[in-house]
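Asks: Residue numbers (the working numbering), protein chains in the order written: chain A, 1 to 354; chain B, 1 to 208; chain C, 1 to 659.
Source of the hints: derived by calculation from the structure; they are not laboratory data. Glycine is no exception: its CB is placed at the ideal position from the N, C-alpha and C atoms. A hint or two may mislead.
[What the hints assert, rightly or not] No more than 30 Å apart at the CA atoms, straight line, and that leaves these computed lysine-lysine pairs for DSBU-like:
{"id": "1", "chain 1": "C", "residue 1": "K171", "chain 2": "A", "residue 2": "K182"}
{"id": "2", "chain 1": "C", "residue 1": "K360", "chain 2": "A", "residue 2": "K100"}
{"id": "3", "chain 1": "A", "residue 1": "K182", "chain 2": "A", "residue 2": "K215"}
{"id": "4", "chain 1": "B", "residue 1": "K175", "chain 2": "C", "residue 2": "K22"}
{"id": "5", "chain 1": "C", "residue 1": "K565", "chain 2": "B", "residue 2": "K175"}
{"id": "6", "chain 1": "C", "residue 1": "K360", "chain 2": "A", "residue 2": "K80"}
{"id": "7", "chain 1": "A", "residue 1": "K205", "chain 2": "C", "residue 2": "K565"}
{"id": "8", "chain 1": "B", "residue 1": "K130", "chain 2": "A", "residue 2": "K205"}
[What the hints assert, rightly or not] Across the chosen pairs, the derived CB separations fall in these ranges:
{"id": "9", "chain 1": "C", "residue 1": "E76", "chain 2": "A", "residue 2": "R332", "range": "33 to 43 Å"}
{"id": "10", "chain 1": "A", "residue 1": "G128", "chain 2": "C", "residue 2": "I500", "range": "31 to 41 Å"}
{"id": "11", "chain 1": "B", "residue 1": "T63", "chain 2": "A", "residue 2": "V206", "range": "31 to 41 Å"}
{"id": "12", "chain 1": "C", "residue 1": "I512", "chain 2": "A", "residue 2": "A81", "range": "42 to 52 Å"}
{"id": "13", "chain 1": "C", "residue 1": "N77", "chain 2": "A", "residue 2": "V278", "range": "35 to 45 Å"}
{"id": "14", "chain 1": "B", "residue 1": "R97", "chain 2": "C", "residue 2": "G629", "range": "22 to 32 Å"}
{"id": "15", "chain 1": "C", "residue 1": "D630", "chain 2": "B", "residue 2": "D8", "range": "24 to 34 Å"}
{"id": "16", "chain 1": "B", "residue 1": "L72", "chain 2": "C", "residue 2": "H209", "range": "24 to 34 Å"}
{"id": "17", "chain 1": "A", "residue 1": "G330", "chain 2": "C", "residue 2": "I512", "range": "56 to 66 Å"}
Each chain, written out:
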Amino acid sequence: MTNSKRHILNGYGNGQRLLAVLLLITVSLTTSCGGGLQSALNPAGPQSQHISQLWWFMLIVCTVVFVVVLGVTLVLLVKKAQGSPDELPERESAESQRRKAFIVVAATAATIVILGAFLVDSFLVGRGLTAALDRKQGVVIEVTGHQWWWEVRYPDVDASSIFTTANEIHIPVGVPVTFTLKASDVIHSFWVPNLHGKKDLIPGKVSTIWLQADKPGIYRGQCAEYCGHQHAHMALWIFAEPREQFDEWRRNQIQSAVKPASDSEKRGQQVFLTSTCVTCHTINGTSAGANIGPNLTHVASRNTIAAATLPNDRDHLASWVDDSQQIKPGNRMPPNKFRPEEMQALLDYLQSLK
Amino acid sequence: MSTRTAIDVSNLPHHGFDTFDTIWWGNNLLLAIETSMFVLLIATYYYLRQNFNLWPPPLAQLTAPLDPLPDLSFGTANLVLLLLSCGLMFWVDLSARRESRAGAQIGLVICLLIGAIAIVLRSFEFSAVKFRWDSNAYGSIVWFILGMHMFHLITLSCETLLLTIWSWTRPFDMKHRVDITALAVYWYWVVGIWIVLYSVIYLTPRFG
Amino acid sequence: MVERSQNLPVDAYTEADEREIKELERVWACPPGIIGWFTDTDHKAIALRYVVTAFVFFLFGGIEAALMRIQLARPENHFLNPDLYNQVFTVHGTTMMFLFAVPIMTALGVYLVPLMVGARDVAFPRLNNYGYFVYLIGGILLYVSFILNTGPDAGWFAYVPLSGPGYSPGKRVDIWAQMITFTEISALCGAVVVIGTIFKMRAPGMSLHRLPLFVWAQLVTSFMIIFAMPAVMLASSFLASDRLIDTHFFNPAEGGDAILYQHMFWFFGHPEVYIIFIPALGFISSIVTTFARRRIFGYTAMVLSLIATAFLGFGLWVHHMFATPLPQLGQSFFTAASMMIAIPSGVQIFCWIATMWGAKLNIKTPLLFVLGFVAIFVLGGLTGVMLASVPLDLQIHDTFFVVAHLHYVLIGGSVFPLFGAFYYWIPKWTGRMLSERLGHWNFWLMFIGFNLVFFPMHQLGLQGMPRRVYTYLPNGGWGSLNLLASIGALILALGVAVFIVNFLWARRFGLIANANPWNADTLEWSLASPPPDYNFYRIPVVEGSNALWDRSAENPVVVGLSSTKRETLVTSVVDAVPELRYELPGPSIWPLLLALATAETFIVGIFTAWAFAIGAVLTFGVFIGWFFGDPNYENVAAKEPPQSEEPHRAPEVLRAENA
């Protein structure tokens, strides 16, 4: 069996190639690190910050372990003894066996110690994430997951200050925000990586997560539990803004819908109220009060539509209203065949709902 | 030409009782599988119980105040019958070991009848449960448990039938005597599991 | 009773021997033709069927993966619409987990365990046959439905309520649930067969502490199957009954619970991955022993590690559910358990390294794949420890990080050792050596391709890409890593293609393998390649933990088993003391008929509950036949001695042994 020695250079060459390949991959990939949007490694709040630190600690230790194990393996390939494959194996000396036993025990002990460290750090970080804290200054928001959009409700002790919106959440910076999570149909998962880990929304149960944004910014989240056809397109935005800006936004959202001013907008409202739109959507201050689809009272104040899939501008709104099945096939909104003048009026109206 | 030692096995028997025979192991492994399943069913029963304030849930009717707890009559009758049958099956097992064909024949016939009666009683047990399988989660899990155990009553009776026919019509050989002892183990298991399930379904809601 | 006698020739067959061997061949022969294929109970034939079938499903699963990678190579791609993509990823996962991974491990066990323990067949040959047919039918059920565009599309774990009656209309999920039943029955049959064989049919002298580690791995795995499969049976049955007969196991409106499904599924699901992984640990021990030409270091520690992994594997399932609203203290317990399981795996790797340190390494393709395992599985195990941490898991759960992790541990931990096992044992199964040169190409293409596909996915997960998305928006910056992964998939596929080429090439041009081309230590290497139908003419008496290396010049054997009936030796569980001469049933039609009855029950049962009543009657009818019919110990179907066979089926084994 000597032709085996021709195909691989020798044990050393084999190992060297392995190492080279691994290094190449690692280097090329880590240099493509980037993109802070929706990244767990770009923390903007205390929860994601702590998790990120835990991640780096574990990554470094695990990398060391990996390099050691791989290194030892490569070295043993180099150190292999010579001998004919036809000889029967001899037994190792007791001395050598004792030495090896000691090393195996030591390695196992090191493993236990490392795992213990991970366990402790993990437990401490975990406790910090769910610790009760003073939420008097905080905000409570209810999120209900639907196939395939997010219903967002801001409760209040004063009933007239309660309002509902969809897919876009505003929170004040530097203040804890408690999310109460429910699901109306199937399991979804609420996940805004820049701010925190995820929490599942389970029909029949209520889950809670609190998070906080320390920097103003716009953070993208996405449903992280497979929920059917358009799971891929069920995203949301969290706008973290200074308190005054948040309060102003909130005051606006509490208002009923802007009354249509121009003729075109009035015509548009008429189109809305006399077509199938009202079977699913609510616009506060009109007779449209269904809750199957997102609340459209202030739809024009949102940056995106279709659960953060499309920018909220006239063209995209038009294609969505016309035939949303082309964009998100399988979603619950049927195509609408409006005459061109009806469509334009409707768009004028919708775009007036700031 | 060198010689070697050899172990001569030509005088070994073909079958043996209990752990000697592979059938004992196969039988018990299958029972281990079924036991795991019943343990999980019992866990499901108590897991679902957490979702209810009252267990069983109240009956949704305004007329005569019916107790939502399952009636004890049929289930308890079944329990007593099956417990007694174990003694009989023990005797059948002994007959098989002692090569007493008549004892096995008669015993198996009676066991077959007992199995049939148990199945009939079980059918009545379903109606003793005040809910259908599609009423609520309580009904679903109780029907499922009763149904899975009934499945075992049926297969137990069918296996008894086959061995009864064999013991009456074919040679009472070692292999089939071993089969009878395997049946006995299955029989005890079906009864033993029923003791646990009976307690879970009938007793724990009353006293737990 | 057992006697000892002397004066048996060790290195030549007498005329009496030759006559006996001819009789053995006749009695153990497979009946000819298509009937023969359906009725054959020879464990080797059944195992090879399992291998071929499972490998075909592996290729199907790979095609599904390729389709997914094409769709995900660019953002907003339109290669697959969402409905088709969702079916593809569901069928990919289901195929790989249920139709490939578990059956192929069963296959190698069914083939090799009787040979390694010194038996002529498995303990329950007809049950073995039934297990195969049920598996085949389940796989056909899934793929026929997929081709007809009614493939399941709720994910390989089919969470409720998405998979429930309200949100998955039609029969797609019902087909999934019933397919589970078939594969689960098959796995359980395989487990019972393997345990029965290992416990009761070992050669004299092979006490438990002399069992090869491969056999220990199969034993431990089979016990895991016994205790884990009932959970998935219940999960899928509850789901099927919620869908078909309106039960409320998972309906919160009537007291049911969506999380109950997750508990039940993952109580099976986590042990399932160890069921897939632990047999591979057995392959590695066999390969390392042979190619390091050394006994495994720390045998007792290795056995205890296998057992510890199996036990711990049952205590981890909640780590799949950390994002659900479960109490935190309970979750922490599962973090601890999930990290702890790294310890026995670590011990095994340390022992293998200790075995190889300073040994005379014979670097052949099987060992290359083992080295690939070390690199890939250790990385996967480390990301597993990361996932075990609840807070970190909350970020990376259900993202491509998990996809990366699971493929690193499953492909690194099971598929790489499996390919090593192929290169190692295909010479035994077919009589031909595979090409070493193509083997090296196979390995490197797979190794590089695999890492290119899955390493970037760690990054993607951390950058926020969730799982099971049919597309993604361009503004996330995920495009280039996805493209890299898709290119890697091509390379990985090429590696697998090289394997197929190698296999086909070897059928024609491979070196003919003698009994023990690797100079290995376990008993299968004492037989011709491929072994005769009856395996051992004379069952050996085992003298040490490495049967062939510890064999004395005397080479004691067992005599007295019949050559005119299918007989093998049954021995005691712990010390392998001979107890019975066990008669093994020969070719039989009943396993196939039972499989068809099972098929009727569960396939027609998708449409009507009456199928169960009919199925019960059919099953009972088959059992009458099985019980009262002829067990065919003498194989009456094989009336004539077999026609001229290929040369390697002749019993030249004893003459070809070492020194």
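Asks: Take the hints in turn and mark each one as holding or not.
Replies: To see whether the hints hold, each was checked on the structure:
This hinted pair checks out: K171 (chain C) and K182 (chain A) have alpha carbons roughly 28 Å apart, not beyond 30 Å. Our distance criterion of 30 Å between C-alpha atoms is met by K360 (chain C) and K100 (chain A), whose separation comes to about 17 Å. A C-alpha spacing of about 27 Å is found between K182 (chain A) and K215 (chain A), which places the hinted pair at or below 30 Å, so the restraint holds. For the hint linking K175 (chain B) to K22 (chain C), the alpha-carbon distance of about 29 Å falls within 30 Å, and the restraint holds.
Only pairs whose Cα atoms come within 30 Å are accepted, and K565 (chain C) paired with K175 (chain B) is accepted, the gap being roughly 16 Å. Between K360 (chain C) and K80 (chain A) the alpha-carbon distance is near 6 Å, which keeps this suggested pair within the 30 Å criterion. Restraint check: the Cα-Cα separation between K205 (chain A) and K565 (chain C) comes to about 64 Å, which exceeds 30 Å; the hinted pair is violated. Straight-line distance between C-alpha atoms of K130 (chain B) and K205 (chain A) comes to about 27 Å, which keeps the hinted pair within the 30 Å bound.
Roughly 21 Å separates the CB atoms of E76 (chain C) and R332 (chain A), a value that falls outside the hinted 33 to 43 Å. A beta carbon spacing of about 53 Å between G128 (chain A) and I500 (chain C) contradicts the range 31 to 41 Å that was offered as a hint. T63 (chain B) and V206 (chain A) have their C-beta atoms about 36 Å apart, which keeps the hinted 31 to 41 Å range intact. At about 30 Å, the CB distance of I512 (chain C) to A81 (chain A) disagrees with the hint of 42 to 52 Å.
At roughly 36 Å, the beta carbons of N77 (chain C) and V278 (chain A) sit within the given window of 35 to 45 Å. Look at R97 (chain B) against G629 (chain C): about 26 Å separates their beta carbons, and that is inside 22 to 32 Å. The hint said 24 to 34 Å for the Cβ distance between D630 (chain C) and D8 (chain B), and at roughly 29 Å that hint holds. In this structure, L72 (chain B) and H209 (chain C) break the distance hint of 24 to 34 Å, their C-beta atoms being roughly 53 Å apart.
In this structure the hint that G330 (chain A) and I512 (chain C) lie 56 to 66 Å apart at CB holds, the actual value being about 57 Å.
Hints 7, 9, 10, 12, 16 from the list above are not met by this structure, while the remaining hints are.
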